[in-house]
Amino acid sequence: MYDVIIIGGGPGGVAAGIYAARKKMKALLITDSFGGQSLTSAGIENWIGTKSISGYDLAKMLEEHLRAQQGIEIVDNDLVSGVTKKDGGFDVATKGGKTFETKYILMASGSRRKKLGIPGEAEFDGKGVVYCSTCDAPIFGGKTVAVVGGGNSALESVIDLLPYASKIYLMVRSEIMRGDPVTQEKLKNHPQVEILFNTMPQEVIGKDFVTGLRYKDAKTGEQKELALDGVFVEIGLIPNSDFVKDFVALNEFGHVVVDHKTQQSSCPGIWAAGDVSDVLYDQNNISVGDSIKAALNIYDKIKKS
Amino acid sequence: MANVTIYSTPVCVYCKMAKELFAKNNVQYNEFNVASDLKAREEMVGKSHQLGVPVIDIDGTIIVGFDQKRIEAALGLK
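Keeping their order, the protein sequence lines are chains A and B.
In this text, residue positions in the first sequence follow the numbering used here: the first is 1, and each later residue adds one.
In this text, residue positions in the second sequence follow the numbering used here: the first is 1, and each later residue adds one.
Bound conformation, chain B alone (with noise of 0.2 Å):
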C-alpha cells in the first residue's frame, strides 16, 4: 500500500477532487491542514519548495496540484 500524504486547506477545491480520487480507489491516506498547522506548512514548503495546494505525497513522489494522470500514475492506477 503506497504512503499517501495531502497538504491541504479548508476550502481548496482541488485538495477536494483529490481526495475523491483516493476514497474512490479506497486509497487511505493521511492529511495536514495547512490554514492551520504551520509545522505540515513548513514541511509542505519543504518538500515541494512552493506555497500552493494541494501538495500530495505519494512514497516520496511529490505532486502540486490536482494533475489527475500524474496522482494515478504514482498510485499504479488504470
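Isolated chain A, as found in the complex (with noise of 0.2 Å):
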C-alpha cells in the first residue's frame, strides 16, 4: 500500500512528487504525460526564473527534475479512471486495467479543453476545427481562420497564426477579452485580425473540410456566417475530477473544493491542488505551490499517526 498516489504530471503533481520524494514517502505519480496544459505553448513567458521557455522544453525539465529523485515511483502512460474508497484508504484504478492501494491521494490531474459542443465540430475535427494552434497554425497559411475565445489562450492563438493566416476572426461570447492587456494591445489594430463581440457560435459548416463557421449575434439574435478555412477552439477548461465526483465535493463548475490552507478536499484522505481545484487562479506557479503544500500536509498527516 502507498502512502500516496499523486495523479497528475504536469508541473502540480511533478512538484508533488518531488517534495513526496524527498520526505521518503511511499509515494506513485500516475499520468498519460509530463508538463500539463502548457506542454503545446510555444513561450511561456510567466514561469519564475525563465524569461520565456516552450511548454516541450519545460515538460523535460519537469520530468527530469521528478526522475532524479530517488524512491518515487512513476507510471507514465497511464490515466486514472476510478477511484473507490476502502477501510484505511483507497483503491486507485487506470484505464490501462492496474490498480493500486493507496492511503491518500493528492489530485492535480488538472483541467481538459472545453469543446463547442456544436453541431459539425465532431465531424471537422481535425478537418478545420483545431484545438492545437501551435502544432496546426501553420497549415492554415494564406486563408481565413476563427478563434473562438477570448481569454489568454484565445488571444496566443491568434498571435501563433499571424505568421501563417492572412485573415483571422477573434470571437469572443461577450463585451470583453478577459485576457492579458499586453496581449490585447497587440492585436486591437492589427491588420490581418478582426475582433467580433458578442458571438455565440451555431455550426461549423464545410464539405470535406471547414468552409464556414454560422454564429448568433448575442445582441440581436441575428443568424450570421463567416466563410472559413479554419475554426481555432480556445475556451477554457473542464477540471478532470469525474473520477471522485461521488464523493468529494465539487463545485458548480465541477472543481475539488479544498480547504485553501492544506488543500484537504471535503474527503478524509483526498487533497486536490491545481487547476482540478477550485483554486481562484488558473496559473502553472500556483499549482506548485499549492501541489507542495499538500504533499507537506500529507506528510504531516503520516507523522502524527
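To be clear, the hints were calculated from the coordinates, so they are not data collected in a lab.
Since the structure is predicted, the reported quantities are computational estimates derived from the model, not experimental observations.
Heads up, the beta-carbon is just placed ideally off N, CA and C, and yes, glycines get one too.
Among these hints, one or two may not hold up.
To be verified - Derived coverage of chain B by chain A (criterion: at least 3 residues anywhere in the stretch with Cβ under 8 Å from a Cβ of chain A; other residues may be distant):
1) 10-16
2) 47-54
Stated by the list, open to error - Stretch-level coverage of chain A by chain B, calculated; a stretch enters the list once three of its residues show a Cβ under 8 Å from a Cβ in chain B:
3) 34-46
4) 114-128
5) 132-142
Could you fit the two chains together into a complex? Lean on the hints.
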C-alpha cells in the first residue's frame, strides 16, 4: 500500500512528487504525459525564473527533476479511471487495467479543453476544427480562420496564427476579452485581425473540410455566417475530477472544493491542488505551490499517525 | 527496416515527441515540413484526409497524432 498516489504529471503533480520523494514517503505518481496543459505552448513567459521557455522544454525539465529523485515510483503512460474508498484508504484504478492501493490521494489532474458542443465540431475535428494552434497554425498559410475565445489561450492562438493566416477573426462571446491587456494591445489594431464581440457559434459548416462557421449575434439574435478554412477552439477548461465526483465535494464547475490552508478536500484522505481544485487562479506557478502544500500536509498527517 | 515518413510543422510538440520516439529506437525516417512544403502538405492531406499534424506513414499505415501505442505496434516495437 502506498502512502500517497499523486494523480497528474503537470507542474503540480511533479512538484508534489519531488517533495513526496524527498520526505521519503512511499509514493506513486500516475500520469499519461508530463508538462500539463502548457505542453503545447510555444513560449511561456511567466514561469518564474525563466524569461521564456517552450512548453515542451518545461515538460522535459519537470520530468527530469522528478526522475532524479530517489524512491518515487512513476507510471507514465496511463490515466486514472476510477477511485474507490475502502477501509484505511483507497483503490485507484487505471485505464490500462491496473489497480493500486493507497492511504492518501493527491489530485493534481488539472483540466481538459472545453469543446464548443455544436453540430459539425466533431465531424470536422482535424478537418479544419483545431485545438492545438501551435501545432496546426502553419497549415493555414494564406487562409481565413476564426479563433473562438477571449482569454489568454485564444489571444495566444491569434498570435500563433499571425505569421500564417491571411485573415483571423477573434470571436469573443461577451463584450470584453479576459486575456492580458498586453496581448490585447498587440491585436486590437492589427490589420490581419478582426475582433467580433457577442458571438455565439452555432454550427461548423463544411464538405470534406471546414468551409464556414454559423454564429448568433448575442445582442441582436441575428444568425450570421463566416466563410472560413479553420476554426480554432480556445474556450476554456473542464476539471478532471470525474473519478471522484461521487464522494468528493465539487463546485458548480466541477472543481474539487478545498481548504486553501491545507488543500484538503471534503473527503478525508484526498487532497487536491492546481486547476482541478477551486483555486482562484489557474497558473502553473500557483499549482506548484499548492501541490507542495498538499504534499507537506500529507506528510504531517503520516507523521502524526 | 520500415519505411517511415513524418509530416510535421516546426513548433508542433507532438511531432517532436514522435521524432524522439524514433530516435530512441534507432528508427530512420523521412520528414516533411508541411508549413513550408505545399506539395508535402497535399500529400499529407491525401494520405490522412485531414489537416492535423503529425501524420506518420509507416509502410503505408497512416497514424494521425502522437499515438504512441499505434506507432510502436506499426514499428514492431515492445
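Hint numbers contradicted by this structure | Of the numbered hints given earlier, the structure breaks none, since each of them holds.
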